[in-house]
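Make the complex out of the two chains shown on their own, each in a separate frame, by following the hints.
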Amino acid sequence: MSANPLKVEARGDRLALDAGRTPVASSEPGLPQRSLALRASGWLLVALVVASWVFVVSEPSAHVGDLISRETLDHGRDFLQQLAGVGEARPAYRDPGQWRQAARLAYRTLAMSVLAIGFATIGTLLTVMAGARPVLDEGRPWPRTLLFGLTRAAWIFSRAVPELVWALLIIFVFSPGILAGALALGLHNFGVLGRLCAEVVENLDRRPIRAVRSAGAGRGQTLLYAVLPSALPAFLTFVLYRWEVVIRTTIVVGFVSAAGLGREFRLALSFFHYSDVTLLVLVYVLLVFAVDATSVGLRRLAR
Amino acid sequence: MFELVDATKRYGPLVALAPLSLTITAGERLALMGPSGSGKTTLLHLLAGVIQPDEGRVAIAGRSTETLRPGRDLARLVGVMAQGFDLVPSLAVVHNVLAGRLGEWGIGRSLLSLVFPRELPLAQAALNRVGVGTKLYERTARLSGGEQQRVALARLLVQQPRAILADEPVSSVDPARAEDLLTLLVEVAAEDGRTLIASMHAVPLALRYFSRVIALRHGHLVFDRATTAVTEADLTALYDLRQEEARDVR
Ligand SMILES: Nc1ncnc2c1ncn2[C@@H]1O[C@H](COP(=O)(O)OP(=O)(O)O)[C@@H](O)[C@H]1O
Ligand SMILES: [Mg+2]
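These protein sequence lines map, in sequence, to chains A and B. In terms of our numbering, the first sequence has 50 at position 50, counting the first letter as 1, and numbering is strictly consecutive. In terms of our numbering, the second sequence has 121 at position 121, counting the first letter as 1, and numbering is strictly consecutive.
Chain B with its partners taken away, still in its complex shape (with noise of 0.2 Å):
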């Protein structure tokens, strides 16, 4: 599904991410660990084609991102899920949850649903299937941050995306919270075979819900492994890092 070959990327001075090559198949849920600041978001907005890498490069199901120009090919493929800041506070609920329909829509179509919205029952289903279902005509800015997170989930559901990417998913949700969101996002990932890579600031929430773990500090991959395989060492070494990290900071 994605496949990265010496990818690298810099601001200035400052390497964001090292030389990094990946393979990631369908279907996975990996989870990006590591400090803030060791380059988790890059890799994602790589990954998303967002940013195109300085050197090496990144491909999308066999396809280059160099020639994926964000629209619509790049929406089928992969969708994105950032903290919840990525909604549109004074449209409807269901405006945001269509706008996941803008990349088959055509301009006229898309005005005309901003009246009258188009295929309504699909939203409904999916604001439904999020348990949000009754704010479909809400102001979005009037829901709480978990509330958005779930239209943000809804539009994705109706992007139909083939990969899911999410920076920090549950990051600015509370811990109960965190967990009925996880749940949801892996269920709707796995749900025709779809990619899931989240970025994960809790270590335990990353290990209980994903299936391969990628550590970065520095922008340097620490270690990429199956979960079942991560070991105590690991986290040490990574918790270590982290201190180091600090210490760093001071």
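Just chain A, with the same shape it has in the complex (with noise of 0.2 Å):
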């Protein structure tokens, strides 16, 4: 995935690379070969689909019966009207005390994926030029290309790690709370935004760059003159783009580091307090549509 679409520079080393690649191959004389081909395909799927159908009915263990049995459909609609607050004084989402305490619960997570961006912005900041390939074609000091390895590595490490797992081994450090759980969401994008971000860098278009250069710049300048201000939209892009996808794993996070809507949620639902839940699902999901919303305007208003 790149932020640009290919810059064709004349000499471009990455223009070399593409010619490079040959485009899929399709079989020109063939014509009525892939369309029996296509045909036999299509014939295939739908036996397959039968197949499968008359092997997930016929397999006693999968109890596929029980899916749409007297039982179930009971249990269901029992659950709904928990949900619901059917035959409860007061359901919980018509508390304004309990819709207080929601919102509270809200900002605490807002705070947390702010928090977990922002660690996660910070050090894709710090660590994005050690990690990106040279925009400069002036050779480059082994300690460089050192420092380049070890930054691509964490990076790899810490998004192959998910942001769930993270926040199981941090509460073991950390006390459980906002500060672990956005420790664990920034420590999972810090990787993915690190590649992104990146990835832009790399992309960007060479010539201002040495231009700059040449008209005296040192490599600090470079990137203050050059590098960040063609590089920070891209990047304030993805950062946008990836506050929402935390935004969205707050819950799950929050589960097990202890914190905001998450607690709550697993909270209520072990104590069977289903129309707290209701409530919970409700204010979570307002919530996303605000972050959404935001990030959508930010987003704009930065193009």
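Note that these hints are calculated values from the structure, not bench results. Hints are all accurate, no fakes.
Listed next, with one range per pair, are the computed distances between beta-carbon atoms:
no., chain 1, residue 1, chain 2, residue 2, range
1, A, F157, B, G27, 57 to 63 Å
2, A, V114, B, R72, 39 to 45 Å
3, A, R100, B, R118, 49 to 55 Å
4, B, R69, A, V288, 48 to 54 Å
5, B, E119, A, W99, 53 to 59 Å
6, A, L298, B, F116, 21 to 27 Å
Some chain B residues flagged as far from chain A (calculated, every beta-carbon gap over 10 Å):
no., residue
7, I24
8, S64
9, Y137
10, G146
Going by beta-carbon spacing under 7 Å, a handful of chain A positions derived as facing chain B:
no., residue
11, P208
12, A211
13, V212
14, L224
15, Y225
16, P229
17, S230
Bear in mind the structure is a predicted one, so any value in this text is a computation, not a measurement. Note that CB positions come from ideal geometry on N, CA and C, so glycine has one too.
Given below as structure tokens:
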């Protein structure tokens, strides 16, 4: 996934790379053959679907019948009624006090997501130049090559471990709470953002960068006057996009890191407070909507 | 100002520039001509110290380009201008112009200037000089190709190099503007006796605005003459060579 469409640079090494990529071979004279193959695979698909259903229904251990049995239907109806708070004097979602409580939790969840994406962004900004292939073709001393490898490895490691697993590990060290959750989310997204942003840097148009360098700028100045101004808008887009993903993951991480809406959600489920669950899900969905809308708005502003 | 001694550049088996020896004195206005792929850009890059020759040597103001690393020293000697693709589109015009001062500034001042532009009168004067004085705080991406070219020139004005190297400075500008731009380029170069070297596509413009012409083909020197000494025969030769070139491609 690249931020910019491929820039055709007269002699960019990228062009050479892409020229080497052969297009998917299309069997030219085989038009009738291909349609035969298509038809055959179509029939094969139908056969597979039928066979699968026959297998699933006839397999006694799959309990397919149970899916629509009287018992399941009863369970389902009961559950829905409980969620709706039927029979309760005052279901949670009609209690202003509960709403206030949920709003506080939503606020803490939001704080956790902002903190998380903040950690990830700071980490990315600090490492992105070390982990991106060089934008100036001036050769690179070996310590920088080593640093490059280490940074890449750190990114891969941190994004290979899912948020949930990070959270489980982190609560061994930190006390459970907002901070632990934010750290877990931040660590995973650090790896994701690092890679995305490094790709942005590598795909930048080299010409303005070289020009600023030849106007007498040092490395740091080239970064300030050419690399960052060109890359920051794309960075911002990725940060906001990851923020949307983070807010959707907060609930799961909150489960284990004992923070925000996720924690209450788990408690409500374990104590069978089903109408509380309804309220929490409602608030959570509102929160996700709000964050998505904000993110879209900010991204439009950045353009 | 510039001296090449048997300077050669190869890209794999391709000889981009065959051994070339040249002396260019300060204050000359030199046009590089030749069909595309003939090595004009390669020669300009060698002269700018951006690339190093595979054999032979290139010296700028008596110093070998081997010893001139990119940075302040090189920037004081040569300024490069390339088809207006050398500006940072997302920056305001003023910062693209002041980038010409980076060689003289420290990192702190450079950073501060992105928020509160330093040496503003200098940038304003340079932009006035090239005729885009009202665009100081405009985003560079919003300017037309010709205006961007002028901003690139304004950057050279604040950089104040001793030689200006321009790669096809007018090929992306319409003919009427091309004349204005060349007049400006020549004027700017004439101040302080700067050397001007530009690769040119249009023969009449090259003959009108420059004092010396170097013609290349397939990396080989075809002729090197004062503009006044360029004959019809020279041009016919180059023209015929171009025909031949076109046939080669087909
Ligand atoms: N970085 C490079 N890698 C490979 N070949 C190159 C490179 N730069 C130039 N060339 C080749 O060298 C020859 C001369 O190119 P160039 O100097 O750009 O010519 P001109 O500017 O006259 O069009 C061309 O054949 C070009 O393809
Ligand atoms: Mg060229």
